[in-house]
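Trainee: So the chains spell out like this:
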Amino acid sequence: MPDRKDDVYGDHISHKFNDELMELKTQFLEMGGAVESQVERAVKALIDSDGDLAEQVRLKDKEVDKQEVALDEEATLIIARRQPTARDLRLVISVIKMVADLERVGDEAKKIAKLAIKLSEEGQAPRGYVEVRHIAGHVQSMLHDALDAFTRLDSEQALRIMKEDKRVDEEYQAAARTLLTFMMEDTRNISLCMSVMWVLRALERVGDHACNIAENVIFMVEGEDVRHTSIEEAERVVGG
Amino acid sequence: MSTLNTAVAQEMDKSDEAELPAGESRPAETVIEEGATVGAPYADDPKFKLRDVEVFYGEDRAIKNISLDIARNEVIAFIGPSGCGKSTFLRCLNRMNDSIDICRVKGSLQLDDQDLYDPKRDVVELRARVGMVFQKPNPFPKSIYDNVAYGPRIHGLANRKSDLDDIVESSLRKAGLWEEVKDRLDATATGMSGGQQQRLCIARAIAVSPEVVLMDEPCSALDPIATAKVEELIAELSESYTIVIVTHSMQQAARVSHRTAYFHLGHLVEVNDTNKVFTSPEHELTESYITGRFG
Numbered sequence: 006m007p008d009r010k011d012d013v014y015g016d017h018i019s020h021k022f023n024d025e026l027m028e029l030k031t032q033f034l035e036m037g038g039a040v041e042s043q044v045e046r047a048v049k050a051l052i053d054s055d056g057d058l059a060e061q062v063r064l065k066d067k068e069v070d071k072q073e074v075a076l077d078e079e080a081t082l083i084i085a086r087r088q089p090t091a092r093d094l095r096l097v098i099s100v101i102k103m104v105a106d107l108e109r110v111g112d113e114a115k116k117i118a119k120l121a122i123k124l125s126e127e128g129q130a131p132r133g134y135v136e137v138r139h140i141a142g143h144v145q146s147m148l149h150d151a152l153d154a155f156t157r158l159d160s161e162q163a164l165r166i167m168k169e170d171k172r173v174d175e176e177y178q179a180a181a182r183t184l185l186t187f188m189m190e191d192t193r194n195i196s197l198c199m200s201v202m203w204v205l206r207a208l209e210r211v212g213d214h215a216c217n218i219a220e221n222v223i224f225m226v227e228g229e230d231v232r233h234t235s236i237e238e239a240e241r242v243v244g245g
Numbered sequence: 025m026s027t028l029n030t031a032v033a034q035e036m037d038k039s040d041e042a043e044l045p046a047g048e049s050r051p052a053e054t055v056i057e058e059g060a061t062v063g064a065p066y067a068d069d070p071k072f073k074l075r076d077v078e079v080f081y082g083e084d085r086a087i088k089n090i091s092l093d094i095a096r097n098e099v100i101a102f103i104g105p106s107g108c109g110k111s112t113f114l115r116c117l118n119r120m121n122d123s124i125d126i127c128r129v130k131g132s133l134q135l136d137d138q139d140l141y142d143p144k145r146d147v148v149e150l151r152a153r154v155g156m157v158f159q160k161p162n163p164f165p166k167s168i169y170d171n172v173a174y175g176p177r178i179h180g181l182a183n184r185k186s187d188l189d190d191i192v193e194s195s196l197r198k199a200g201l202w203e204e205v206k207d208r209l210d211a212t213a214t215g216m217s218g219g220q221q222q223r224l225c226i227a228r229a230i231a232v233s234p235e236v237v238l239m240d241e242p243c244s245a246l247d248p249i250a251t252a253k254v255e256e257l258i259a260e261l262s263e264s265y266t267i268v269i270v271t272h273s274m275q276q277a278a279r280v281s282h283r284t285a286y287f288h289l290g291h292l293v294e295v296n297d298t299n300k301v302f303t304s305p306e307h308e309l310t311e312s313y314i315t316g317r318f319g
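Protein chains in written order, with the working numbering: chain A, 6 to 245; chain B, 25 to 319.
For reference, chain A alone in the conformation it holds in the complex (with noise of 0.2 Å):
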């Protein structure tokens, strides 16, 4: 049964542009899927200490900037022969926007996976591995639900997401002060624990990125720009 709110793209009188729409949106929801496990794939091949898993996500990366640049192109087209307005504009642009926050989610997987490759090849002890288990699971999900709210026109999940980003951000915190606490324990864990530190931080920029998707999201559905805002502001865009 298609969610009501996933035909608001589909009832022009042009069905090519109905399927022009579509086709935006499913690609970007495809882009979106490699991305998604290209961070589960990246996070468990540091954890498993699995080289071979780094490579395969490095290696991967790209495809995901081919998609990039098609779901560029088809988006530039879509504007250059429908002159679209309104929601489908909406659409078109946010995708564009969109597309460029999941590249750099790709961008940040494949620095995991580089990391992880040095870890691997190290042979160190794990250090910090929980914070990253626990942050990386954390952005897993806030990039999920963004992409769902996305393709179910969500604005009030996309808000949750948005409010979600603090906590990420009180956590990596919390992990850098971990981690910093170990580095000043044994001076010889320095280079791990930077290193850990580097994979922290490519996650919570995931969430940044997932946050910005969100706020897009809102964007399409609710027609008003809440980035730069405060959340209180978002709330009552997302309400009202």
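Since the hints were made in silico from the structure, they are not lab data.
You can take every hint at face value.
Dumping the calculated BS3-like pairs for lysine-lysine here, alpha-carbon to alpha-carbon at most 27 Å: (1) B:73 x B:88; (2) A:30 x B:300; (3) B:198 x B:185; (4) A:102 x B:300; (5) A:116 x A:168; (6) B:166 x B:206.
Only part of the chain B face toward chain A is listed, based on derived beta-carbon distances under 10 Å: (7) 274; (8) 275; (9) 303; (10) 304; (11) 311; (12) 315; (13) 318.
Idealized CB from N, CA, C, for every residue including glycine.
Following the hints, complete the assembly by docking chain B onto the known chain A.
Mentor: Structure of chain B alone, referenced to chain A:
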């Protein structure tokens, strides 16, 4: 009604009742509350103040309780599906509907705080103040010069030939036509291209120094280049005149107007800043129309 028409009407009724696929909305079912225009229909110190306007063609009510202000020196675009009343409403603004016997206009329509429909009002003088440009260029079968000079002559705006020459030149300049025609002012106007003829009609309209120019689909018979020239002209004219434009091209409304008014079945559904209308309209019907969901 002929049998064929009856059959067609029945077929249309049937198609109206046909089941829509799950999840599809039927925009026409959206209830429009009479006189409940959303957005920003009012302005401070308006040029036109229009309140509770209704227009009847015989028994048919073509305009249903519309209230709207048109600000000074603004370009306001009227858009909406065919038969929504936008041209009818436009023609109220210089009483062009007077010539239609069965047409009655009710409500309060004021131009600079004075009643447009005051029986004592001189309609010829009104139309000099509120000029009009039509869909099809309609130059007089006279010379280019005489087309532009016609209005100033009958309104006695020029005492000397040199004054008239000045008016003709400045009007043609404002209409962006002077350079193209200055060496052939005596040539007949009907020999010009469509785009040139339309700009000549604009020059003719502005030759009598109007305060308002009404344009009823001024570009629908023009090619894209001529359209771009007329649109450029609208932008320039808006510095001195109030412009009301009816257009079937939503992109044109988006390009040239400051505010956009959306009409639907005789109702004024929404009036808002053009930027708002085309990015996030307030009313569902406006959204459906401008995004090509019905029309």
